[in-house]
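**Q** Residue numbers (the numbering used here), protein chains in the order written: chain D, 1 to 734; chain S, 1 to 207; chain W, 1 to 242.
Incorrect hints may appear among the rest.
[What the hints assert, rightly or not] If you want a taste of the chain D side facing chain S, the calculated C-beta under 7 Å gives, among others:
no.	residue
1	L472
2	F473
3	P487
4	F490
5	P523
6	D524
7	A558
8	V585
9	P665
10	R684
11	T707
12	I714
13	G720
Derived by calculation from the structure, the hints in this document are not laboratory data. Backbone N, C-alpha and C define an ideal beta-carbon position, used for all residues, glycine too.
As a plain string of letters, each chain reads:
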Amino acid sequence: MKSCPICGAPNPDDGMICEQCGASLVLVPEAEGGILCPVCGYRNPSGTIFCEQCGARLESEAIPGAEGPSGEEVLETAEVELDWVATLEEFFPEIPSEVQPSGPAAAPAEAGREEEIAAPPPVEAEGLLSTEAPPVSWERLEEESAPPLPESAPWMPSGEEIPLTFEPERSPEGVPAPPFEGIPPEIAEPWPLTESLEEEPESFPFPGVSPVQEEEERPPFPWLETSGEVPETSPEVSLLETAPFIEWPPELDMETSAPSQVAETKETEAAPPPESGMGEIPEWLRGWEGVEKPSEEAIPEVPYGLFEAGELGERPLTALEIPAEEELLAQASALLVPEEPPAEAPPAPAEVPPFTDLEAVLAEMPEWLQTLQPVPEEEGQAPSEAIPALEPAVMETQGPLAGLVDVLPLNLRLAEIHGPAARLQSEPATELRTRAQAWQSLLGQGLNFLFGEQVAEPVPAGLGAALERWLLFALLAGALILGLYWPLPFFQPALLTPPGDFLARLDQVPPGGIALVAVDYGPDRAAELEIYLHRILERLTARGVRVLTVSLSPWGAAQAALAVQARPDYGEQVVHLGYYPGQEVGVVRLLTRPLSQLGVDYRGQPLSGLPVARDFKEDPLAARLGLVVLITGSPDALRGWIQQARGVLPSEVPLVAAVGANLAPYVAPYRESGQLHAVAIGLRDALLLDGPAPEGSPAFFDLQAQTILQLFIIGLIGVGLVIRLFRSLRAPGL
Amino acid sequence: MFRRALPAGLLSLVIALALVPYMWPQPALRQSLTELGSTLLAYAAVVGFLSFLEAHFHRVGARAEGWPYSLVTALTALAFLLLSLAEGGLRGNGLAGPWTGWLYQYGLLPLEASVGALLPFFMVLALWRLLRIRRSAYVLFFIAGVLTTLVLHSGGTLLPTLFGSFYETFLSPLATGGIRGILIGVAIGVVVMMMRAFLWIDRPLGR
Amino acid sequence: MIIGALLLLFVLLTLLAVRMARRIQNPPRELEPFRRLPRQIGQALETGQPPHLALGSGGLIGNEAALTLSGGRILERLAQDSAVGEVFPFVTVADPVALLYARHVLQDACHRQGVLASLPPDRVWWAGASPMAYAAGLTLLLGTQPVATSIMSGLFREEAVLAGEIGQRYGAHLIFAMPEPGGAAALWPFDPNLAVGEEAFAAFPQGEIPGRPSALLLAHDLIRWLLIAFLAIVALGFALRG
Numbered sequence: 001m002k003s004c005p006i007c008g009a010p011n012p013d014d015g016m017i018c019e020q021c022g023a024s025l026v027l028v029p030e031a032e033g034g035i036l037c038p039v040c041g042y043r044n045p046s047g048t049i050f051c052e053q054c055g056a057r058l059e060s061e062a063i064p065g066a067e068g069p070s071g072e073e074v075l076e077t078a079e080v081e082l083d084w085v086a087t088l089e090e091f092f093p094e095i096p097s098e099v100q101p102s103g104p105a106a107a108p109a110e111a112g113r114e115e116e117i118a119a120p121p122p123v124e125a126e127g128l129l130s131t132e133a134p135p136v137s138w139e140r141l142e143e144e145s146a147p148p149l150p151e152s153a154p155w156m157p158s159g160e161e162i163p164l165t166f167e168p169e170r171s172p173e174g175v176p177a178p179p180f181e182g183i184p185p186e187i188a189e190p191w192p193l194t195e196s197l198e199e200e201p202e203s204f205p206f207p208g209v210s211p212v213q214e215e216e217e218r219p220p221f222p223w224l225e226t227s228g229e230v231p232e233t234s235p236e237v238s239l240l241e242t243a244p245f246i247e248w249p250p251e252l253d254m255e256t257s258a259p260s261q262v263a264e265t266k267e268t269e270a271a272p273p274p275e276s277g278m279g280e281i282p283e284w285l286r287g288w289e290g291v292e293k294p295s296e297e298a299i300p301e302v303p304y305g306l307f308e309a310g311e312l313g314e315r316p317l318t319a320l321e322i323p324a325e326e327e328l329l330a331q332a333s334a335l336l337v338p339e340e341p342p343a344e345a346p347p348a349p350a351e352v353p354p355f356t357d358l359e360a361v362l363a364e365m366p367e368w369l370q371t372l373q374p375v376p377e378e379e380g381q382a383p384s385e386a387i388p389a390l391e392p393a394v395m396e397t398q399g400p401l402a403g404l405v406d407v408l409p410l411n412l413r414l415a416e417i418h419g420p421a422a423r424l425q426s427e428p429a430t431e432l433r434t435r436a437q438a439w440q441s442l443l444g445q446g447l448n449f450l451f452g453e454q455v456a457e458p459v460p461a462g463l464g465a466a467l468e469r470w471l472l473f474a475l476l477a478g479a480l481i482l483g484l485y486w487p488l489p490f491f492q493p494a495l496l497t498p499p500g501d502f503l504a505r506l507d508q509v510p511p512g513g514i515a516l517v518a519v520d521y522g523p524d525r526a527a528e529l530e531i532y533l534h535r536i537l538e539r540l541t542a543r544g545v546r547v548l549t550v551s552l553s554p555w556g557a558a559q560a561a562l563a564v565q566a567r568p569d570y571g572e573q574v575v576h577l578g579y580y581p582g583q584e585v586g587v588v589r590l591l592t593r594p595l596s597q598l599g600v601d602y603r604g605q606p607l608s609g610l611p612v613a614r615d616f617k618e619d620p621l622a623a624r625l626g627l628v629v630l631i632t633g634s635p636d637a638l639r640g641w642i643q644q645a646r647g648v649l650p651s652e653v654p655l656v657a658a659v660g661a662n663l664a665p666y667v668a669p670y671r672e673s674g675q676l677h678a679v680a681i682g683l684r685d686a687l688l689l690d691g692p693a694p695e696g697s698p699a700f701f702d703l704q705a706q707t708i709l710q711l712f713i714i715g716l717i718g719v720g721l722v723i724r725l726f727r728s729l730r731a732p733g734l
Numbered sequence: 001m002f003r004r005a006l007p008a009g010l011l012s013l014v015i016a017l018a019l020v021p022y023m024w025p026q027p028a029l030r031q032s033l034t035e036l037g038s039t040l041l042a043y044a045a046v047v048g049f050l051s052f053l054e055a056h057f058h059r060v061g062a063r064a065e066g067w068p069y070s071l072v073t074a075l076t077a078l079a080f081l082l083l084s085l086a087e088g089g090l091r092g093n094g095l096a097g098p099w100t101g102w103l104y105q106y107g108l109l110p111l112e113a114s115v116g117a118l119l120p121f122f123m124v125l126a127l128w129r130l131l132r133i134r135r136s137a138y139v140l141f142f143i144a145g146v147l148t149t150l151v152l153h154s155g156g157t158l159l160p161t162l163f164g165s166f167y168e169t170f171l172s173p174l175a176t177g178g179i180r181g182i183l184i185g186v187a188i189g190v191v192v193m194m195m196r197a198f199l200w201i202d203r204p205l206g207r
Numbered sequence: 001m002i003i004g005a006l007l008l009l010f011v012l013l014t015l016l017a018v019r020m021a022r023r024i025q026n027p028p029r030e031l032e033p034f035r036r037l038p039r040q041i042g043q044a045l046e047t048g049q050p051p052h053l054a055l056g057s058g059g060l061i062g063n064e065a066a067l068t069l070s071g072g073r074i075l076e077r078l079a080q081d082s083a084v085g086e087v088f089p090f091v092t093v094a095d096p097v098a099l100l101y102a103r104h105v106l107q108d109a110c111h112r113q114g115v116l117a118s119l120p121p122d123r124v125w126w127a128g129a130s131p132m133a134y135a136a137g138l139t140l141l142l143g144t145q146p147v148a149t150s151i152m153s154g155l156f157r158e159e160a161v162l163a164g165e166i167g168q169r170y171g172a173h174l175i176f177a178m179p180e181p182g183g184a185a186a187l188w189p190f191d192p193n194l195a196v197g198e199e200a201f202a203a204f205p206q207g208e209i210p211g212r213p214s215a216l217l218l219a220h221d222l223i224r225w226l227l228i229a230f231l232a233i234v235a236l237g238f239a240l241r242g
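Excised from the complex, chain D in its bound form (with noise of 0.2 Å):
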């Protein structure tokens, strides 16, 4: 197991993310050196300026004597970041700050060294209070001790080491480590969130750390401090307890209402933790104790003296008197200079008016400010009431963060655990579940994502749709009656060859043998299945064969009621039995209904006073069939027929289909499993059931005809295809 860099929570030694907090536990290879990042402790390459790992400000000046990745050493800028930032912050404190004093900053990486920063305890579960020391389990953390700092960084006090790590144990004696700005952005929960929140709303989540009094105000830094007094510190916390990326005095205000506040304390580096009770501070860090402000006379041309407390405004710069950056980058490296902590905790500063207070730092506004403050609207009315009163911020009431205000809310990469212990749910993380709808939605698009996005041309309106409608349709009639009418060279009927199993099995019957002809299609698809009825009939009752018809719905007896009704041998060799219902179930009823009940015909008239219906006894009409014709359009009525038949009929008895050529594909299985012993499709089977077409006649036309139009669809989807071709090239991505 391994300890997460951020949080510290155990995870899987092949795990790439934390299973607490999503930090990443890829490292950047240490062979390759790399920069320590002074806030959440990842290492990142060199040459990084922004934290991999939490977006921190990694560098502003390279460090002297620490190695690049080609063992070079790291030129030196001498710049040093202006902190005028943070005076200006004073007024308007929701301005983040993202330059990071380079000197604090810059310490670990200036000092070379390769030891991180000591990580926040990891979970316990005794919570954030708890008196333990926590077990830093860093193995990345290295051996190697940091070479000294060079005396020549202007910031540096001579002879002295800056230690960069929490660790007691190996921190330099007398140099105050820099302290940390901010929380890194991909980190909001320091403390892990199973520690126990049974303390109170209102108690400093530092143990023994007396919070700042509501009225005392303080500086952003302590160094800035002209009063020359130190935050109080409280010696019972341990840096060990704090992430090594937050920090703030323990003089923090944690009742305050200014957002300020929490801006300037988040940026605080000089405060230093106070000392537990359960390990001494190190000597670096108690340097930063009770650092004494430097006198006004160490820099008599600071301005920051006119941002004192009470003398803002008293009298208003001119652009002479502002110093130049160069004088402030000087001078604010003077007051980088850390001190030995004072023996005793310094007196907490007196009258410092609250941020709080926006019309006392209204009125201590120099006057050059004052004029870039919004005109109040109407006359009369103070500046101060124009603008309204800072409403007091939302303070964090539980857990860790408790007491602080205008908190960044929780990262929903924490998960939530709801229910009862035994059975836990939690959520997917956010990103979990993006990722995861990215996937669905690539997957479901199938082929769409590699061919792009189908999209279908809406149907254009106007003139040209119309057009182009009427011209198709009138280009489909004209082949029709061209194929209907004139006789085409190409057209060659002797390569047609008629159904000849089909034929065969209707020449099966013999002679005053009984068939079943089932006649199941509308008058839609009367035209293509009508010539199927009636040459049927034509063959069967030419040999003297007894031809039956039903139909299992009522659209289909009528239709048959027309072909059958109207023939002179009606009642003698054919008679029609009408509408059955029970779709399958009727099937069934049917073939296994003895003949003599089959009762009256289509028009109500009794079989039993028909020759047809001679020999109609008591035994079922299944045993008395000799062939079972289909006529049917209707794939349910195919199946139904052949389902329920095949099991009722005895097995010598055929069952042929005449069918429409939308059903072509139907039949096929029916076919060649033997359920159906003969299969004629489509007008074209039926036109030719009376053998070849000669030359001339109607259903010599209507042959050519069908053919026609096919070969002008084929034409027609060739010509488009080249269109689309031809488009597609002039222009591209269509």
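Place chains S and W on chain D using the hints.
**A** Showing chains S and W alone in chain D's frame:
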């Protein structure tokens, strides 16, 4: 609760009754269920016809858009019904009588055949527009299938001889298999649907 | 016996699918046509144009019953969501039993929303008794009554292309769920993403947990893989024997 469970319970009971004959062959039960279904169908036809008249007369009365069509539709339906009833009552033939037969042969049959004759025109139009779908591989597959079918069935020419054996060997099994696969899928859908209704997971008759 | 064993197996698989759906945390699989439905319902509410649902030629007798019941689920959802704005959907049927069922579903949904009194009596159309007459009736409805969306879910054949053409010409958004290959092939040019086969039965199954996989689709998958394994074994057996 009983009122809410009654439709689902009845449906489950009917499903079980319909499945019993497959496991315990009882022709009488199956026939009874079939006749019950036919009776319900006839009743539903009567009620449906009355509902049909109500809907169209409502549109006529409210002068809704297209109300003349509704008026013609409703009056035609009523006329045909009265004619059939009269023929059945006077001649005893019902739908097999000469009057209704004449209307079917010279009215309904030509109208449906005419509507059916429009199908190839609109199908070709849809096929023509299909060629405009941008960047789709499925369009090419569909067009290839249509072309293959047209070529193979363009009898009377030499085209079918070009692909005959190829079609029989490769394309026919694929086409047939595809159709059967879809039909098996339909059967799966039907089975799951009725199982869920039987187990009260789905309540198609209301909750 | 085989049928009984198969039925028992299907029951177990259906229950297993329900249980699996509650435990699996994968994102739910959605079908493209039905994924568009809620948005179309919203568009209908915004424009005031009612949606249209065609239940096909099937009734409640035989295997068509499942198709009609599946369409009834869509109707229930349409009615529930659009009744809020009193934009009641049009329903067209070709079977009298389906007509009664559609009226029951529509009235039940409106009653639950409390807008039963506002439901016009002409919302359920018996458009025609035969499939071709039904297609002609669909064409009449879509031509005379502007609809925002035309949903065709049920038993359709090639004549559905007429309704699709008219719907597209009048600007209605078309959604198809065609179990039969014939209707699917005819309507594919209008919407390549139409639901075919068992997908047509997967519209808004009841009892589904939002954010979790559909138990209905899982049941389809389980039975499908079972059939595939069975067919593969049989084919292998025939191949080895032959």
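**Q** Please go over all the hints and tell whether each is borne out by the structure.
**A** Structure-based check of all given hints:
Nearest Cβ of chain S to the Cβ of D/L472: about 6 Å, under the 7 Å cut. The hint holds. Contact between D/F473 and chain S, as hinted, is supported at the beta carbon level, the nearest pair being about 5 Å apart and thus within 7 Å. For D/P487, the interface hint is violated, since its Cβ never comes within 7 Å of a Cβ in chain S; the closest pair sits about 11 Å apart. Among the interface hints, the one on D/F490 holds; its C-beta lies about 6 Å from the nearest C-beta in chain S, closer than the 7 Å criterion.
The interface hint given for D/P523 is met, as the beta carbon of that residue sits about 4 Å from the closest beta carbon of chain S, less than 7 Å. Interface restraint check: D/D524 against chain S, minimum CB-CB distance 4 Å, threshold 7 Å, status holds. Interface hint at D/A558: satisfied, since its Cβ lies 5 Å from the closest Cβ of chain S, which is below the 7 Å cut-off. For D/V585, the interface hint holds, the least distance from its beta-carbon to any beta-carbon of chain S being 4 Å, beneath 7 Å.
Hint on D/P665 holds. Least Cβ distance to chain S is approximately 4 Å, under the 7 Å limit. For D/R684, the interface hint holds, the least distance from its beta-carbon to any beta-carbon of chain S being 6 Å, beneath 7 Å. At its closest, the beta carbon of D/T707 sits 5 Å from a beta carbon of chain S; the interface hint therefore holds under the 7 Å criterion. The criterion of a C-beta within 7 Å of any C-beta in chain S is met by D/I714, whose closest approach is roughly 5 Å, and the hint holds.
Proximity of D/G720 to chain S holds as hinted, the smallest CB-CB distance being about 4 Å (cut-off 7 Å).
The structure is inconsistent with hint 3 alone, although it conforms to all the rest.
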